[in-house]
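**Q** Using the sequences provided together with the hints, build the complete structure.
Protein chains in written order, with this note's numbering: chain A, 1151 to 1594; chain B, 1151 to 1594; chain C, 1151 to 1594.
No incorrect hints appear here.
Pairs count within a copy or across copies, as identical chains cannot be separated in the list.
Here are the simulated SDA-like cross-link-like pairs (lysine to any residue), alpha carbons at most 25 Å apart as the crow flies: (1) LYS1191 - ASP1315; (2) LYS1360 - ILE1204; (3) LYS1517 - ARG1220; (4) LYS1517 - VAL1207; (5) LYS1517 - PRO1208; (6) LYS1264 - GLY1529; (7) LYS1469 - ASN1541; (8) LYS1203 - GLN1326; (9) LYS1469 - GLY1529; (10) LYS1236 - LEU1296; (11) LYS1517 - PHE1214; (12) LYS1264 - SER1282; (13) LYS1469 - GLY1419; (14) LYS1517 - ARG1388.
No lab work stands behind these hints: they were computed from the structure. Only a predicted model underlies this, so the values are computations on that prediction, with no experimental measurement involved.
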Amino acid sequence: MKDQLSVGERLATGNPGEDIFAFAAEIYPICRSITGNGVRKTLRAIGMHIDLKIHEVPTGTEVFDWTIPREWNIRDAYIKNERGEKILDFAHSNLHVMSYSLPVRKRISLAELKQHVYTLPDQPDRIPYRTSYYAENWAFCMPHRLFEGLRDETYEVVIDSTLEDGYLTYGEYLHQGESEDEFLLSAHVCHPSLANDNCSGVALLTHLAKRMAGLQTRYTYRFLFAPGTIGAITWLARNEDRCQRIKHGLVVSMVGDGGGPTYKKSRRGHSEIDRAVVHAMHHSGLAPTILEFSPYGYDERQYCSPGFNLPVGLFQRSKFGEIPEYHTSGDNLEFIAPDHLSQSYGLIAETIDIVENNEVYCNTMPKCEPQLGRRGLYGPVGGDKGAAAANMAMLWILNLSDGMHSLLDIAERGNLPFSVIRDTARQLYRSGLLRPVFAANQNR
Amino acid sequence: MKDQLSVGERLATGNPGEDIFAFAAEIYPICRSITGNGVRKTLRAIGMHIDLKIHEVPTGTEVFDWTIPREWNIRDAYIKNERGEKILDFAHSNLHVMSYSLPVRKRISLAELKQHVYTLPDQPDRIPYRTSYYAENWAFCMPHRLFEGLRDETYEVVIDSTLEDGYLTYGEYLHQGESEDEFLLSAHVCHPSLANDNCSGVALLTHLAKRMAGLQTRYTYRFLFAPGTIGAITWLARNEDRCQRIKHGLVVSMVGDGGGPTYKKSRRGHSEIDRAVVHAMHHSGLAPTILEFSPYGYDERQYCSPGFNLPVGLFQRSKFGEIPEYHTSGDNLEFIAPDHLSQSYGLIAETIDIVENNEVYCNTMPKCEPQLGRRGLYGPVGGDKGAAAANMAMLWILNLSDGMHSLLDIAERGNLPFSVIRDTARQLYRSGLLRPVFAANQNR
Amino acid sequence: MKDQLSVGERLATGNPGEDIFAFAAEIYPICRSITGNGVRKTLRAIGMHIDLKIHEVPTGTEVFDWTIPREWNIRDAYIKNERGEKILDFAHSNLHVMSYSLPVRKRISLAELKQHVYTLPDQPDRIPYRTSYYAENWAFCMPHRLFEGLRDETYEVVIDSTLEDGYLTYGEYLHQGESEDEFLLSAHVCHPSLANDNCSGVALLTHLAKRMAGLQTRYTYRFLFAPGTIGAITWLARNEDRCQRIKHGLVVSMVGDGGGPTYKKSRRGHSEIDRAVVHAMHHSGLAPTILEFSPYGYDERQYCSPGFNLPVGLFQRSKFGEIPEYHTSGDNLEFIAPDHLSQSYGLIAETIDIVENNEVYCNTMPKCEPQLGRRGLYGPVGGDKGAAAANMAMLWILNLSDGMHSLLDIAERGNLPFSVIRDTARQLYRSGLLRPVFAANQNR
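**A** The following block contains the structure:
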């Protein structure tokens, strides 16, 4: 009730797609993994925009059932044929080396090489993305077409990597709100050159955090940029006592393609964040897909593990795993677009707006309808069937504001956009017809 | 269990459509508004059939957020062109003058006249119905075709109306039942010559009240004939302490056309009246439309305001606002028909029958089935698949009469007409296989 | 967790259809009724396979609202025409005589005969099955084609039956499990030569009981072979105090035809047996029909009467009454088949397996996911979208094992076959990632 424009409206002004795309493009070439300098470089880039706090957790640290692994870095890698020609070069694509590959430098037969190669036979021109974080091994990833053309000769294989004690690195940014209750926004930063998965999510959240800087919010917003799985687990292990402050959360990944939007609900299934995203998507004019929780996916797997069971959902465009570009070199900068990033950003801004403004009011004139006409809230001429229809938001709010229905409840019941309900409730509040019951930031 | 015929059956004998139509036609010409002599004349006509109690509430009386307005009456109105020809005459249709128009008598230009005219461009031969109860103004309503033909000349406009301190008038009729618990039947009496909206509802309820006169009922039936909105608000304000006696209620309007039937549920959504009407409609052989509650409509808006939240639904044929005749001169006596009025009456009688007879029983032989055959309740020859099917009502009642299911619950669960369940339960009661648990007139 | 193979797997090995069919064929010719030597002969045949305990309850014994009737036996019956030709002979089909027909031996006219004949005009070549247990009468059942050809002459009608004080006979077999909680399996043994209804059910349960003999089970299994209606009522009356031990139950009838499978839920509607059968049927590859409870059917009518309300459903192939062969001579050995009996048996074994193994576990590492890879439970290479999909059962169990979800809950939620969830839970238990909360044999 403080501002003329709501938080969501302030966040959503302008067309942020180009800025988000530019930052995604900036971090796209970096070779990231779950540890190492690629993550550090990415976090430094984010830190150019927001006051990011970097955390370094040493190898060997125990985090619940897991142990921080050794740090992996890579400088170069290639395969040369007998004529000394580089037939595969890490410099061309950091997907060419399986993440966490051990260092190797030797001459091997084609037969042996084939045991260390991944391809995608059904997408013969694309390089697959593969990892082996916890099993010591090495491999190259290449287009199947290249693989099929390999001659039976001796190859020189070089992976100039290191796997040594070091650190796991993640970054946090906190936007302090009026309440200690938190809204968690989490993006994984462990994938190498995959534009949608997850340069898009990292760039979107960086832009959102930057835009939020000057705004007064009810909730405190925590932005977490961490490696997938082990990063989320590390954060949870180090912040176990603060987790119950998280009232809403979104894992944000793959938000730059033109599919979806897709929302996978939190394990709770009907928490306020679930309802807010579903509402925003249903009134977006797009064709959203709403999925029930399942235990496979991104870091919501950790946030929604039974010992935490946090109200955290997964926000995406196309659903992971259901598009051919997923985890291949097809997930490049041509696969994402500023317009799609703008749409995704807008939906998240709308979601934030809903939880920020989801008040519960009491109608101060609960017995019969108040006379709206003498307050200038109702057209003077009756009988026209269009007249009252225009007042439906007002009628719904007055009818359901009995202290038991939030504005989101009312928007859902009346099938009206939350923004209309929000603005109409302000108008009724100013007219003295509503009084707030309590802020809707309890964990309902 | 007292009568051979149930209350609903007694109410429904004969074919009441012609009588209801005749009374609707009798009151159709009267020019009603929310106050004034038109309402009084209508209530006097009702009073020829039932012992109606008339209430007069003075101008200025405060009723919740509202104030009883001044009383409006009209004697005559017309528009004359320069040649002295009446181009519009109130005597031909009382829809020609916007309700609550201030008195006017002057010569004006076409341009000025046009600012005081309502038409329906998409129904050019019909007169719209318009009101301006709380904003002082005057206007004529006319067919768009007439409006388009108006020449650019000077017009004499006359509205011979008065707007003075007086009264708001409404009528009540009480049919006393065994219980103080009430069934409210409410019809608005404020619309001028609109046959379906609501001469039909007024006439149907008048007939129902008259037919009910000799009958012994469980519930007390309150028939309310009052102006829309302000009349219902006035009644609620003056009867606030008695409202919680209302266990069931129906607003009855637009019951003479061939559409629907349509039922809009009470705000509670699953109260006994909601279930009773839905059941009656589903077994009617018609194609009913069942709507969830919404805060726009007729006087259920007031009864279902959050401070009252009474179990009152809206009974209609076509849904208001969804037919072209709505609030136009097309809503005339040709638009309603005795057959439709009979159907509507029958559905309301059936609804009354359900709540009157919705007992809860206990099976006196709850362990295994009782032997129906030796009581003459079951055919002697087994094996035929048709045999037991005929006994489904008996089997359902015995199986579900555990003190937790009413007869309506059982009718719904077994998908059988309530009347079959009611009669079969009587038979089982007479055979000693059922004992009543309590009368079903609690507010379930 | 005791066996390598689960109870259901042990029960289901081999292809039992031929054995079940052979036993159904063995008892098919016997003329059964609700009392008499046919029932005794059938129970003796069952007793050749399992240690069946036979109960004899005297005529006149009161069982709830019923009384054990006199015992009926029949030796012979025929109709002879004037030329002494037997035009109908009980020796050809025991359906030719209405069950419980009084003895008769006289010469009568065609007109009188016609008052004692049942036929099926719409299936003119089949003999109907008819009974008259509680109304004294006699009748013949014959093909309508034969009936139509009867000449107007004098007939000699002979029914050499007796209706005298005696006993009602039923048999019980108990497989003792670890718990006193019982699983009731009930088949009616009162129908004469009807192969599907219910030689099939009797034979299937006999085989199941025999196969179960050597197995260690959690539940105690009670097999009841009793006449329909009066037999179940008698058992309930004599075992009233033990009924609440029944945690699950199935009435098994008509399990040899190729229709369905059909399951009619218990009156409770969502008890564990209901969910187990529905789950088994949905994962069977067949096209099951799941019906809500209704009070017409087989002995579940008694088990689900409101005074008992036991969790007992009805397991069938085609739904009774919905096939033309029902209660006619068309229900013969050609109507049932070993393959269908095998399928039905398999579904019941799978149902037993579910309730036997429906444990509730707690994830011992509830905070974040445990590291499955280092326990050899997860593939070493990431990135491939097929990899994790193969682990869905593991992920679902870990995510939902919070002490509030049984394995059946998890199988339903993850839409995975119970057997996959059961085996995966064992694997996780052996890895120390699950601990049992309590045996799932409470009445949930």
